[in-house]
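Trainee: Below are the chains, spelled out letter by letter.
There are 2 protein chains.
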Amino acid sequence: MEPLHKLIGVLGGMGPAATADFMHQVIGNTIAENDQGHVPLLVFCDPTIPDRSTSILDASASSPLPALQDYAQRLERAGSTVIVIPCNTAHHFYESIANSVTIPVLHIVDAVIHQLEEMAPEARTGIAVMATAGTTSSRFYETRLRARGYDCLTLTVEEQALISQVIYEIKASRVAASRVPAIAAARSLRRRGATCLILGCTELASIKETIETELPIVDSTRALALACIRYVVPPACANTLDPAKMIA
Amino acid sequence: MEPLHKLIGVLGGMGPAATADFMHQVIGNTIAENDQGHVPLLVFCDPTIPDRSTSILDASASSPLPALQDYAQRLERAGSTVIVIPCNTAHHFYESIANSVTIPVLHIVDAVIHQLEEMAPEARTGIAVMATAGTTSSRFYETRLRARGYDCLTLTVEEQALISQVIYEIKASRVAASRVPAIAAARSLRRRGATCLILGCTELASIKETIETELPIVDSTRALALACIRYVVPPACANTLDPAKMIA
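These protein sequence lines are chains A and B, in that order. Here this note's numbering is used: the first residue of the first sequence is -8, the next is one more, and so on. Here this note's numbering is used: the first residue of the second sequence is -8, the next is one more, and so on.
Just so you know, the hints here were simulated from the structure itself, not pulled from any lab data. Some clues are possibly wrong.
The list makes no distinction among identical chains, and a pair is therefore deemed to hold if it is satisfied within one copy or across any two copies.
Lysine to any residue pairs mimicking SDA-like chemistry, simulated, CA-CA at most 20 Å apart [as the list claims (entries may be wrong)]:
id : residue 1 : residue 2
1  : Lys162    : Gly19
2  : Lys(-3)   : Leu48
3  : Lys(-3)   : Arg68
4  : Lys(-3)   : Ala58
5  : Lys(-3)   : Pro41
6  : Lys(-3)   : Ala111
7  : Lys(-3)   : Thr39
8  : Lys199    : Thr72
9  : Lys(-3)   : Arg170
10 : Lys(-3)   : Ile174
11 : Lys162    : His29
12 : Lys162    : His15
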């Protein structure tokens, strides 16, 4: 089956609401930035994929990798020309997923770095990544940011516990209960010298308004949505297009 | 490539926001009805598919059919076991789409009839379908409902104009401006003997709270989402499962 000119394959469902929110971000930002920049998406949304954090932290738990590779191959088979994964923690498995297909897989940290360069061009040290315990322990943000000349602030045990609690409350639809730990985590990071906050978990998008900080905030879901739009919009219309930076 | 046990292929993007809303309906209703009833979705969301209503009403306009058939085949190829189309107007092309694949394509009107039987078991005549001019002119609601023993109320030219205006305002994100024509259309239908209102356009979901009527209202997007959940949830868990009714 012939590939379409440009079709973004989305490896989603982790969780399903985060995938639908990601689609809204792509749709909303496309209309706002450019009417011609339509973004065709092919979205695999399977809520039954085994938990990513659990698998990273507990070697005896079921791995999501076989499902992720299978779905990536189905997306390629159906004509996708690039794959994105709107779940930060799943990027622990990035290399194994990318090696299972022949099309490029865009890395969410590269999309975040693009936004970082736009929103906080001065920040090179003190990058604070708010993420699941699985993402933090996997260290792919740190490694990928370091390779591009950035230094991350390592989370303390207390900060990680606060952020994990925020994610837990949001997953359970208790957004109000997520406010106190979200504010506490952001304050602690600021006090320790953070220059920029990265929302490195799709569940965290909703705390942007909550955390009452003057630090620049990069939302990874939004960054990934904007990278998809840059990929599809004709170069002449996109003033920030740089495929070399976008595709890992 | 082997099909998954059950994978719902979604032919979407008409419009993209309606597709994301449909996904939210599937996700939200799954959690509410049954924690085990996970619904894996593979969603084709291409906002560039030519306009359905225009194509039905103007034979010289581009047809969306080649794209719809191509995407249906891609969904099958990637392992979908059934296809749904969260766009009423696109059902004008239902037979041609269904004939282009070997897996079943669930018809949105069958999903609506399932809800009609639950919500308004007494209503057999006076079924009023609020839809685009394309859907109305195509008459597939009327034909399919009649085959199951229901009589539809034919829209007057004035009612169709009001409903088309509602859809136009909602597509342009002017929800407030859609209130007056929505209420006027519902009142007129009621006065002429409607026993039940069917929201036969995905854009109309938001007027449910607006139209101030005691008539039962069947939202076609929600009906289709519930049909998807019934298709996936194991029969033992689903008290309303009847595949013969669901699959056209």
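Trainee: Tell me, please, which holds for lysine 199 and threonine 72 at an alpha-carbon limit of 20 Å: within, between, both or neither?
Mentor: Neither, since 32 Å and 39 Å both go past 20 Å.
Trainee: What label fits lysine -3 with arginine 170 when the C-alpha limit is 20 Å: within, between, both, or neither?
Mentor: neither (40 Å within a copy, 39 Å between copies)
Trainee: Go through the copies and call it for lysine -3 and leucine 48: within, between, both or neither, with a Cα cutoff of 20 Å.
Mentor: neither (36 Å within a copy, 30 Å between copies)
Trainee: One pair to classify: lysine -3 and alanine 58, alpha carbons no more than 20 Å apart. Within, between, both, or neither?
Mentor: between (24 Å within a copy, 14 Å between copies)
Trainee: Taking 20 Å as the upper bound on the Cα-Cα distance, should lysine -3 and threonine 39 be classified as within, between, both, or neither?
Mentor: between (28 Å within a copy, 12 Å between copies)
Trainee: Classify it for me, lysine -3 with arginine 68: is the Cα-Cα distance of at most 20 Å met within a copy, between copies, both or neither?
Mentor: both (14 Å within a copy, 18 Å between copies)
Trainee: Using 20 Å as the alpha-carbon threshold, which applies to lysine 162 and glycine 19: within, between, both, or neither?
Mentor: between (23 Å within a copy, 13 Å between copies)
Trainee: At 20 Å max between alpha carbons, let me know whether lysine -3 reaches isoleucine 174 within a copy, between copies, both or neither.
Mentor: neither (41 Å within a copy, 42 Å between copies)
Trainee: At most 20 Å between alpha carbons: which applies to lysine -3 and alanine 111, within, between, both or neither?
Mentor: The answer is neither: 30 Å in one copy and 45 Å across copies each exceed 20 Å.
Trainee: Is the C-alpha distance from lysine 162 to histidine 15 at most 20 Å within one copy, between copies, in both cases, or in neither?
Mentor: both (18 Å within a copy, 15 Å between copies)
Trainee: Is it within, between, both, or neither for lysine 162 and histidine 29, if the alpha carbons may be no more than 20 Å apart?
Mentor: between (30 Å within a copy, 16 Å between copies)
Trainee: Is it within, between, both, or neither for lysine -3 and proline 41, if the alpha carbons may be no more than 20 Å apart?
Mentor: between (30 Å within a copy, 17 Å between copies)
Hint check: violations occur at hints 2, 6, 8, 9 and 10; the rest are consistent with the structure.
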